[in-house]
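Given the coordinates of chain A, assemble chains L and U onto it according to the supplied hints.
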Amino acid sequence: MSDRQFGLVLALPAIISLVLVVGIPGIQTLIYSFQRVPLSDDPATFVGTDNYGKVLGDESFVESLVVTLQYTAGYVLLATVLGLLFALLLDQPLRGRGIARALLIIPWATPVIIAGVMWKWLIDPQVGGLNAVLFEIGVIEDYKPFLADREWALVFTILAAAWHQASFSALLFLASLQTLPNEIVEAAKVDGATAWQRFRGVVFPWIRPMLLVVVVINVIYGVLQFDTVWVMTQGGPGDATTLLPILLYRQLFIFSDIGAGSALAVMLGVVAVLVSSIALILLGRDDPLQA
Amino acid sequence: MASRTLSRPVLRKRAVTALLYAALVLFAVWVLFPFWFLVNSSFMTPAEAVAVPPHWIPEEPTLGNYSAILAGQVAPGGAQVGLRVLTALGESFAVGILTVVANLALGGTAAYSMSRFRFRGSRLSYFSVLFARLVPPIAIVAAFFVALRDLGLINSRYGLVVVYISFTLPITILVLKNYFDGLPRELDEAALVDGASRLQALWYVIRPIARPGFIAAACLVFLESWGEFFYALTLTNQLTIPPVLAGFRGFFQFNWTTLAAATVLAVVPPVLLALVFQRYVVRGLAQGVAK
Amino acid sequence: MGLGLSLPAAAALLAACSGEDPEATRRTLRFVGWDFLPDTIQTHLDTWAAVSGGTVELEVLPVTGYPAAIQTRFRGGDRPDLFYNFTYLLGQFLENGWNRTLNDLPGVEERIDALYPGARSRFVTADGQITSLPYFSAVFMNHYNAAMVEQAGFSGPPQTLQEYYDQCAKIKADGISDAPYESSWLNERIEEYLMATLLGEGITPFDDAAQPVFADDPRSVDVLEWWRAMYQDGLTSPTILTDDNPELIGGMTQGTFAFYAGHDYWLKIFNDVGGPAAADLRMAPMPGAGQTLLAGEVVQMGPDLEGTALNDAWDLLKFYTGADNDGNFTVPLTWVEAAALAVPYPSFFEDPAIQAAYPDYYDLGVITSEYDRAGTPAARALSWYQGFQVKVGERVNDMLAGDATPAETVANMADDAVELAAG
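For the record, the sequence lines run as chains A, L and U.
The first sequence lines up with residues 1 to 291 when you count with our numbering.
The second sequence lines up with residues 292 to 582 when you count with our numbering.
The third sequence lines up with residues 583 to 1005 when you count with our numbering.
The shape of chain A in the complex, shown without the other chains:
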């Protein structure tokens, strides 16, 4: 057996598994997106691109796409930047660092659906604690009903999800920072580089491969976000937080239109690929996966 064959044999179980659990359902979704799929036992019929026309022709799609892009931008930015800051902080030789690293796990160990319930409670103007704190420290002059406001509702549904995800990002960044050889940093210090110069010149280039991985993962999670928003606002107020996955839920479980739902699912995948690509181009790296 040649090396190539041996490699293939080793990779085959995983590839077959993924084909079975992702490939087949994914391709089925793609096929459904060109069909009318009755829920009864009648066979599905081919309808060309009707489902795509239906999805794209619905004005709520465009509105939802805009909301999804805003949401994803905020989510990726927050989850990534906070994660990076946490990692940089927890990489410093500080007292209590061990405990702090344990704290890092808490948001991530909280199921996302519960994170949503928790944040909704937290920001409630009556029973929640956030208003009380902001009021006490003088940030607000009156209790603010955050979820009543379209912009704030989007901000806080982002915050709740990013609270969970920032820890995930931080852990990956922390790992990357651990491998940064001390000598390089010390050498930069000897050369008289300021902290910012050291970050720009040494630390950032070192963690950039990991940054790209984190951004891609966060983009995917952002575009597919559902649980947190659903338990916090059900897409409201109005359609202020109606993300594409919420539209997808409605197509599949309220309008019971499997064909249109599948078309929407395909579009969702396309959006995620496009947004990831844009993010990677902005970060200026051709191949994110060759870390």
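Worth flagging that the hints you see were computed from the coordinates, not collected in a lab.
You may find that some hints are simply not true.
[Claimed, not checked] Okay, the calculated bits of chain L under chain A, using three or more residues with CB under 8 Å as the criterion:
hint, region
1, 357-370
2, 394-408
3, 539-551
[Claimed, not checked] DSSO-like, lysine-lysine: derived pairs with alpha carbons at most 30 Å apart:
hint, chain 1, residue 1, chain 2, residue 2
4, A, Lys-144, U, Lys-754
5, U, Lys-752, A, Lys-54
6, U, Lys-752, A, Lys-144
7, U, Lys-754, A, Lys-189
8, L, Lys-304, A, Lys-54
Each residue gets a CB set at the ideal place from its N, CA and C atoms; glycine is no exception.
Just chains L and U, lined up with the frame of chain A:
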């Protein structure tokens, strides 16, 4: 005071340290502030949990929510908790462990192969691994249901493990391939020279050295599986902990305090686990991005 | 056993006489419900099994996500024998052949005839198919803080929408409450408030052919004018568009809000949770002299039943949704005790055990008189109606945000209904 004699660089260093500790406090607030209200409510009666303005610490603390869950009694809000929280925690644990084992077996060999060998389609399969995460669970759950039903795996931990592979295996491969890339090839070659078969080299030489990487991937996968809600909702009867927690959000009762206590209990096992393996997680992930 | 021979036993006996083995078609039934008092559900199933000799297994799913979970099961060919369902899913289930109609079952007519007339359309389609029996029912009521209403100088709760507005405005102006009116105007619940208000004003929302005739009634625009004014004039809870159970419970029991419009079981939740204002909370009919909206969810029968299994399932369904074979409301009694849930039968409210089970602060006279004038539009049980609920949520939100006038909103909603009904 001695400060008169301190030089500027020393002062500067102290200021930086103070800033860092301030940042550490902010970080702790970010993690603990939302979570504090959850912990707080878990020691409250329903009446106190909805007090306006909210209480920072329980004025009449009760262990009722915890004793209901641990002893299978009726909770203060009226929820019949039974022993389902404990049972579900056990199931979540079993599903998590099995998912981890499956991931390490499948992902470990595949990642090693993708790191060491170039076979036809190896690049493509590496890319598709990440994009496998793009398929929205809402869209493909019906396909999973049919397949698991045919296999008799509805409401089964094994069924969930099969499904969870779909979104955890990509992460495992990503992390482990990076890890293997960081291990010198000379290791494999030395083993082969000694007369070991390639499989033996993988098992006896690479596996022990790669242990930190395996543990890191295991922790990531375990936590991803621990918090998963939608598949557990649709493919089981409240088998694992997230749908049980969701069940406390009822129509006809106020079960927030029960939900809070159950959530606190649900967050404890992964945090403990992460604490135990923390060293390995960071080191393991760290190795992964070393060049 | 003798005279107390239950129906399945009788069927088994008949089958035995005809030489068939009754056990051949007997099997363990599957019962799917949602997570409210699961131990009590299990007790009821055990009780039934002990009396009937049948066997049944319980599967419990969370309420959050139940629609997705139960639909996924049926789409995947998994069809339980008895299951809780939401009223708004009735039409879709019937269309897909996911539930068995009950028309041919012995004694079903008596059950249907015993319902409050206004409840009938939930369980029987326009063409006479009996789809389900009640899991529970509730009437839409106006919960109010009597102390606040009195402090503002009113002798009682509002009788009309105008009075409702005036009382809220006065309560706010007097500084008694900054946000007098609370409801749960989450996107998919707005339709329920629309129907409750239209019916209260005596407006017929849909005709017998499920055509949206509310648009022909000029008072529909008045209803939406009132709605918009309540919101835009700041008389509602600021977070009314996303408020869910915890927020509104706290707001009522702590004395933040003066009014909460919603199902009649809320009064018990408020009292159970307790708080400084809980003792001041009362319940009154919704303003308006028209109909009261009757709400509630159902239990349905799966399509794969035959022989003894069918008889068992029917026996269990009757036991679970109303009076048992001895005439006792065994199962509904436990829902009353736990959460003041009702079943829509006059005989239920006449039962001494039920009357005793309601908390003292419930005025059953008021509730039964509301049931007497209660109704629910038959269109609500049609398969396209779920889509309409989403549309109503969007339309009313647009109006509240100032993007559409009440008149436009009425016209748009009527167009939506026609379009959705046409498929």
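Against the structure, the hints:
As drawn, the region 357-370 of chain L meets chain A at 0 residues by the rule of a beta-carbon pair under 8 Å; below three, the given contact is violated. Proximity of the region 394-408 of chain L to chain A, defined as three or more residues with a beta carbon under 8 Å from a beta carbon of that chain, is established by the 10 residues found. Chain A is given as covering the region 539-551 of chain L, and this holds because 3 residues of the stretch bring a CB closer than 8 Å to a CB of that chain, at least three being needed. Distance restraint check for Lys-144/A and Lys-754/U: the Cα-Cα separation of roughly 18 Å lies within the 30 Å cut-off, and the hinted pair is therefore satisfied.
Simply put, Lys-752/U and Lys-54/A have alpha-carbon atoms about 48 Å apart, too far for the 30 Å limit, and the pair is violated. Proximity of Lys-752/U to Lys-144/A is assessed by CA-CA distance (about 23 Å); at most 30 Å being required, the pair is judged to hold. Simply put, Lys-754/U and Lys-189/A have alpha-carbon atoms about 64 Å apart, too far for the 30 Å limit, and the pair is violated. Using a Cα cut-off of 30 Å, the hinted pair Lys-304/L and Lys-54/A is violated, with the two alpha carbons roughly 63 Å apart.
Checked against the numbered hints above, the structure violates hints 1, 5, 7 and 8; every other hint is satisfied.
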